[in-house]
Amino acid sequence: MSFVKALRCKECGADYGIEPRTVCDSDFGPVEVAFDYEAMKGKVTRASIAAGPQSLWRYRDLLPIEGEPKAGLNSGWTPLVRAKRLAAELGVKELYIKDDSVNYPTFSYKDRVVAVALTKAMEFGFDTVGCASTGNLAHSVAAHAAAAGVRACVMIPHDLEAGKMVGMTVFGPRVVRIRGNYDDVNRLCSQIADKYKWAIVNVNLRPYYTEGAKTHGFEIAEQLGWRLPQHTVVPVAGGTILPKIWKAYQEFITLGLVQDNKPRMYGAQAQGCNPVVKAIQEGQDLFHPQKPNTIAKSIAIGNPADGYYVIKVVNESGGYGASATDPEIIDAIKLLARTEGIFTEPAGGTTLACAIKLIQSGRIPKDESICVSITGNGLKTLEVMQGQFEEVPVIGAKLSDFDAAMNEPTPGNAPWKAAEPAAARA
Amino acid sequence: MPTATRKCWLTFEGGHQNEPCLWKMSRKYPDVSFDIRQASVQKDIGIMAVLFKGPEEDVQAALDYLIELGVKVDPVEGGSNVSG
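Residue numbers (numbering that gives the first Met the number 0), protein chains in the order written: chain A, 0 to 425; chain B, 0 to 83.
Hints listed in this document are in silico derivations from the structure and should not be mistaken for laboratory results. In this text the structure is predicted, and so the values were computed from the model without any measurement. Glycine included, each C-beta is placed from N, C-alpha and C at the ideal position. A hint or two may mislead.
[Unchecked claim] DSS-like, lysine-lysine: derived pairs with alpha carbons at most 30 angstroms apart: (1) A:Lys9 with A:Lys40; (2) A:Lys9 with B:Lys27; (3) A:Lys9 with A:Lys333; (4) B:Lys71 with A:Lys290; (5) A:Lys40 with A:Lys311; (6) B:Lys52 with A:Lys194; (7) A:Lys196 with B:Lys71; (8) B:Lys23 with B:Lys42; (9) A:Lys311 with B:Lys42; (10) B:Lys42 with A:Lys196; (11) A:Lys42 with A:Lys83; (12) A:Lys194 with B:Lys42; (13) A:Lys311 with B:Lys71; (14) B:Lys42 with A:Lys277; (15) B:Lys71 with A:Lys277; (16) A:Lys9 with B:Lys42; (17) A:Lys9 with A:Lys311; (18) A:Lys397 with B:Lys23; (19) A:Lys69 with A:Lys9; (20) A:Lys9 with A:Lys397; (21) A:Lys290 with A:Lys92; (22) B:Lys71 with A:Lys9.
[As the list claims (entries may be wrong)] Here are a few chain A residues that face chain B, going by a calculated C-beta distance under 10 angstroms: (23) Thr21; (24) Phe27; (25) Trp76; (26) Arg186; (27) Asp193; (28) Trp225; (29) Thr253; (30) Asn302; (31) Phe401; (32) Asp402; (33) Asn406.
[What the hints assert, rightly or not] Far from chain B, some chain A residues (derived; all Cβ distances over 10 angstroms): (34) Val22; (35) Lys69; (36) Glu93; (37) Leu285; (38) Lys290; (39) Gln387.
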């Protein structure tokens, strides 16, 4: 049985039936899925959730599907890492990394939203799914559609990283490269959805798609032992995930599954595309769209569809925003890799770099619990890291050559301390 | 001529938030009605949700005229046929 009540306008509260709809007829405000929390009480419990599968579908009662899940059966339930070495480096007490860089099957948080959107698209009877994407979403739509046997057509900006092109083409979707940036692609997709009657997951299925992002927040709370981190730092691209992590926290509070410790939400953007953070820092409710110019292409969205709601949630929670320059993003990628063994893409580097700024500026207290959301994998954007490390010299295949090499400064991501051979230590 | 209905987000910035752009449009295209469904205007930016109705060619010309005046015109998702 489903606990879904309606699609509800976020502005005026008007209700609509469960259908492919994005906006309210009256004020054009976005609609989102409303649930019957009263009916859930006593039925959706810690025990009922824990008895579910080790995937995002353990939260299916809080997701907008009617029947059985049809996609992403192994997506979600990614590690929440207690980042002790990184915490020591930053001088903070309790730091966690929610690591969606290892999400299944395409290594980004998008596998969550696509699992839900594709299931819903199949429930609605669409024969073709698609998306407007900066890369990660196209990977996920293509992979999930391949596994479900559904036709896929993905629309992307023309200048995506080469690795990301391969990572979607391999699954066999129709790939359409569009001259323009993400915002241009997104605008075109609105028209495509209208004309071709396809399920463009982040356009005409957006209310269902975005609900999948809640599972990132549910998992943080459950994996933290049914409690909420006091501070959650999240990247902002289209603005989907931050308000939905907040919604997840609020739903768990409403259902009595966690205590309300007044969690605060923080938005992270690249300096070369920071319309939302700029508005937060200037105390504005509205943001000025920007033309993106950053290496963090997966979050380079100058006119975020849900940017307004990110600002609203950040302000309501008492959080803040920060933005990071491209060199700061690269440094943060290296730091996370060498302290925690997690290789993230520039979006993750942005989030960590911004978390560091928020900690150093005193916005986030060092003695409280902090969670940093890492949403994508660095192996997809190797180009960004090229030239970041000195070339590794080749040595001869003799022990004496190795001995000599050990006395040379070593290129890499960490200072190397020359170790004495075991025989010398003995 | 067939009639058309367009749902649009209008963004006014760079000083255009202080200009009567919709009034100018209305004077030039009197057969196009505009219905403001939502609006938020601050010191340096204004955003409006507007429903336009009228003869198809006039509606398109009116939207093009707003773009010419410096207003950013975006279709509400699911809408179509907006240039600019």
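Worksheet entry | Pair hint outcome, A:Lys40 versus A:Lys311 [Cα-Cα no greater than 30 angstroms] | 28 angstroms, holds
Discussion item. Less than 10 angstroms between beta-carbons is the criterion; does A:Asp402 satisfy it with respect to chain B?
Written reply: The hint is violated - A:Asp402 has no Cβ within 10 angstroms of chain B, the shortest such distance being about 65 angstroms.
Practice prompt. Assess, step by step, whether the Cα of A:Lys9 is no farther than 30 angstroms from the Cα of B:Lys27, and give holds or violated.
Written response: 35 angstroms, violated
Worksheet item: Holds or violated: is the Cβ of A:Val22 farther than 10 angstroms from all Cβ atoms of chain B?
Response: 6 angstroms, violated
Item to complete: Take the C-alpha atoms of A:Lys9 and A:Lys311, compute the straight-line distance between them, and say whether it is at most 30 angstroms.
Response: Between A:Lys9 and A:Lys311 the Cα gap is close to 12 angstroms, so the pair holds against 30 angstroms.
Item to complete: Would you check the hint for A:Lys311 and B:Lys42, treating anything up to 30 angstroms between C-alpha atoms as holding?
Response: 18 angstroms, holds
Worksheet entry | Agreement of A:Lys290 and A:Lys92 with the hint, judged by alpha carbon distance not exceeding 30 angstroms | With Cα atoms ~38 angstroms apart, A:Lys290 and A:Lys92 exceed 30 angstroms; violated.
Worksheet item: Is the interface hint for A:Thr253 satisfied, with its Cβ closer than 10 angstroms to some Cβ of chain B?
Response: 28 angstroms, violated
Worksheet item: Between A:Lys9 and A:Lys397, is the straight-line Cα distance small enough, at 30 angstroms or below?
Response: Violated - the C-alpha atoms of A:Lys397 and A:Lys9 are around 69 angstroms apart, more than 30 angstroms.
Fill in: Hint consistency between B:Lys52 and A:Lys194 [alpha-carbon to alpha-carbon, up to 30 angstroms]
Given that 30 angstroms is the threshold and the Cα spacing comes to 20 angstroms, the pair holds.
Worksheet item: Does A:Asn406 meet its interface restraint, that is, does its C-beta lie within less than 10 angstroms of any C-beta in chain B?
Response: With a minimum Cβ separation of about 60 angstroms from chain B (threshold 10 angstroms), the hint on A:Asn406 is violated.
Discussion item. Next pair to validate is B:Lys71 with A:Lys277; report whether the Cα-Cα distance is within 30 angstroms.
Written reply: 20 angstroms, holds
Checked against the numbered hints given earlier, this structure breaks hints 2, 3, 10, 11, 12, 18, 20, 21, 25, 28, 29, 31, 32, 33, 34 and 37; the rest are met.
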